[in-house]
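Undergrad: Heads up: the sequence lines are chains A and B, in that order.
Counting along the first sequence from 1, when you hit position 15 you're at 15 in my numbering, and nothing is skipped either side.
Counting along the second sequence from 1, when you hit position 6 you're at 6 in my numbering, and nothing is skipped either side.
I should point out that these hints are in silico values taken from the structure, not numbers from a laboratory.
On a predicted model such as this, the values are computed, not experimentally measured, just so you know.
A hint or two may mislead.
[Stated by the list, open to error] In silico DSSO-like cross-links for lysine-lysine, where the CA-CA straight-line distance does not exceed 27 Å:
| # | chain 1 | residue 1 | chain 2 | residue 2 |
| --- | --- | --- | --- | --- |
| 1 | A | Lys-70 | B | Lys-13 |
| 2 | B | Lys-28 | B | Lys-13 |
| 3 | A | Lys-32 | A | Lys-18 |
| 4 | A | Lys-55 | B | Lys-94 |
| 5 | B | Lys-79 | B | Lys-111 |
| 6 | A | Lys-32 | A | Lys-56 |
| 7 | A | Lys-70 | A | Lys-7 |
| 8 | A | Lys-18 | A | Lys-55 |
| 9 | B | Lys-94 | A | Lys-70 |
| 10 | B | Lys-94 | A | Lys-56 |
| 11 | A | Lys-32 | A | Lys-70 |
| 12 | B | Lys-13 | B | Lys-36 |
[Stated by the list, open to error] Partner residues are not named here, just some residues of chain B that face chain A (Cβ under 10 Å, in silico):
| # | residue |
| --- | --- |
| 13 | Val-74 |
| 14 | Met-84 |
| 15 | Ala-85 |
| 16 | Gly-89 |
[As the list claims (entries may be wrong)] Partner residues are not named here, just some residues of chain B that face chain A (Cβ under 8 Å, in silico):
| # | residue |
| --- | --- |
| 17 | Cys-86 |
| 18 | Tyr-87 |
| 19 | Leu-90 |
Using N, Cα and C, we set each Cβ at its ideal position, and we do this for glycine too.
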Amino acid sequence: MPRSVWKGPFVDGYLLNKAEVARASSRNDIIKIWTRRSTILPQFVGLTFGVYNGKKFIPVQVSENMVGHKFGEFSPTRTFTGHSGDKKAKRG
Amino acid sequence: MARIAGVNIPTNKRVPISLRYIYGIGPKNAVEICDKLSIPHERRVNQLTDDEVLRIRELIDRDYRVEGDLRREVAMNIKRLMDMACYRGLRHRKGLPVRGQRTHTNARTRKGKAVPIAGKKKVTK
Numbered sequence: 001m002p003r004s005v006w007k008g009p010f011v012d013g014y015l016l017n018k019a020e021v022a023r024a025s026s027r028n029d030i031i032k033i034w035t036r037r038s039t040i041l042p043q044f045v046g047l048t049f050g051v052y053n054g055k056k057f058i059p060v061q062v063s064e065n066m067v068g069h070k071f072g073e074f075s076p077t078r079t080f081t082g083h084s085g086d087k088k089a090k091r092g
Numbered sequence: 001m002a003r004i005a006g007v008n009i010p011t012n013k014r015v016p017i018s019l020r021y022i023y024g025i026g027p028k029n030a031v032e033i034c035d036k037l038s039i040p041h042e043r044r045v046n047q048l049t050d051d052e053v054l055r056i057r058e059l060i061d062r063d064y065r066v067e068g069d070l071r072r073e074v075a076m077n078i079k080r081l082m083d084m085a086c087y088r089g090l091r092h093r094k095g096l097p098v099r100g101q102r103t104h105t106n107a108r109t110r111k112g113k114a115v116p117i118a119g120k121k122k123v124t125k
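Chain A on its own, in the form it takes in the complex:
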């Protein structure tokens, strides 16, 4: 079941401040964030976030059609390198 519209999209509050600061500084630094559960809002478009996957910060350049998804969707938490003896699978 989708989230009620009257609540608005879920975003961790401090993220808004962080994004605004980054916008104001107008440098294209990677903004490190841990909040994978936050929705990507229209005002984040164009910024680059480093979304933590439990180990590393995965750089995510936010584009227009990412709006409405969550940050976590763009930062995979599992690495699957293939089965042993599977010649087709490439090791990463």
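Assemble chain B onto chain A, guided by the hints.
TA: Relative to chain A, chain B alone:
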């Protein structure tokens, strides 16, 4: 022979049943179309008048997304996910279930027919 929305030629079945042969029209839409045009559900396609066939055709063209258009839309949605490199897109690329189902067993619809492990030595007694 009734030709509605391109290639579909379902005949000698009841109208709400045969409309479902069109991609994009399921049980609900089929009944809805019949009700809108006040065609009785028991009517068979070969008993429809030319005028009724024409009205069905017009209604579908105007209000419903079917066949090629719908297929293209679905393909575009999947392509969007894949280009975005989000989790659902990655699952589509790998041909694995997208909505969090288990893959330890089952998931054969997405993965295709089971293949034996290549190169695994058989245990000989």
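Undergrad: Now tell me, hint by hint, if it's right for this structure.
TA: Tested hints:
1. Between Lys-70(A) and Lys-13(B) the CA atoms are separated by roughly 47 Å; this puts the pair beyond 27 Å, and the hint is violated.
2. A C-alpha spacing of about 17 Å is found between Lys-28(B) and Lys-13(B), which places the hinted pair at or below 27 Å, so the restraint holds.
3. A distance of roughly 9 Å separates the Cα atoms of Lys-32(A) and Lys-18(A); the hinted pair therefore holds under the 27 Å criterion.
4. Among the hinted pairs, Lys-55(A) with Lys-94(B) is consistent with the structure: their alpha-carbon atoms are about 23 Å apart, no more than 27 Å.
5. A hinted pair counts as satisfied when its Cα atoms are at most 27 Å apart, and Lys-79(B) with Lys-111(B) qualifies at roughly 19 Å.
6. The straight-line distance between the Cα atoms of Lys-32(A) and Lys-56(A) is roughly 10 Å, inside the 27 Å bound, and the hint therefore holds.
7. Simply put, Lys-70(A) and Lys-7(A) have alpha-carbon atoms about 16 Å apart, close enough for the 27 Å limit, and the pair holds.
8. The suggested pairing of Lys-18(A) with Lys-55(A) holds, with an alpha-carbon distance near 21 Å, which does not exceed 27 Å.
9. A distance of roughly 21 Å separates the Cα atoms of Lys-94(B) and Lys-70(A); the hinted pair therefore holds under the 27 Å criterion.
10. At most 27 Å may separate the alpha-carbon atoms for a hinted pair to count; Lys-94(B) and Lys-56(A) meet this at roughly 23 Å.
11. Distance check on the hinted pair: Lys-32(A) and Lys-70(A) sit about 15 Å apart at the alpha-carbon level, within 27 Å; holds.
12. For the hint linking Lys-13(B) to Lys-36(B), the alpha-carbon distance of about 19 Å falls within 27 Å, and the restraint holds.
13. The interface hint given for Val-74(B) is violated, since its Cβ lies 16 Å from the closest Cβ of chain A, which is over the 10 Å cut-off.
14. The restraint placing Met-84(B) at the interface with chain A holds, with a minimum CB-CB distance near 6 Å, inside the 10 Å limit.
15. Because the beta carbon of Ala-85(B) sits about 6 Å from the nearest beta carbon in chain A, less than 10 Å, this interface hint is met.
16. The closest approach between the C-beta of Gly-89(B) and any C-beta of chain A is roughly 9 Å, which is under the 10 Å cut-off, so the hint is satisfied.
17. Given hint, Cys-86(B) at the interface with chain A, holds; its Cβ is 4 Å from that chain's nearest Cβ, closer than 8 Å.
18. Satisfaction of the interface hint for Tyr-87(B) is found here, the shortest Cβ-Cβ separation to chain A being roughly 5 Å, below the 8 Å cut-off.
19. The interface hint given for Leu-90(B) holds, since its Cβ lies 7 Å from the closest Cβ of chain A, which is under the 8 Å cut-off.
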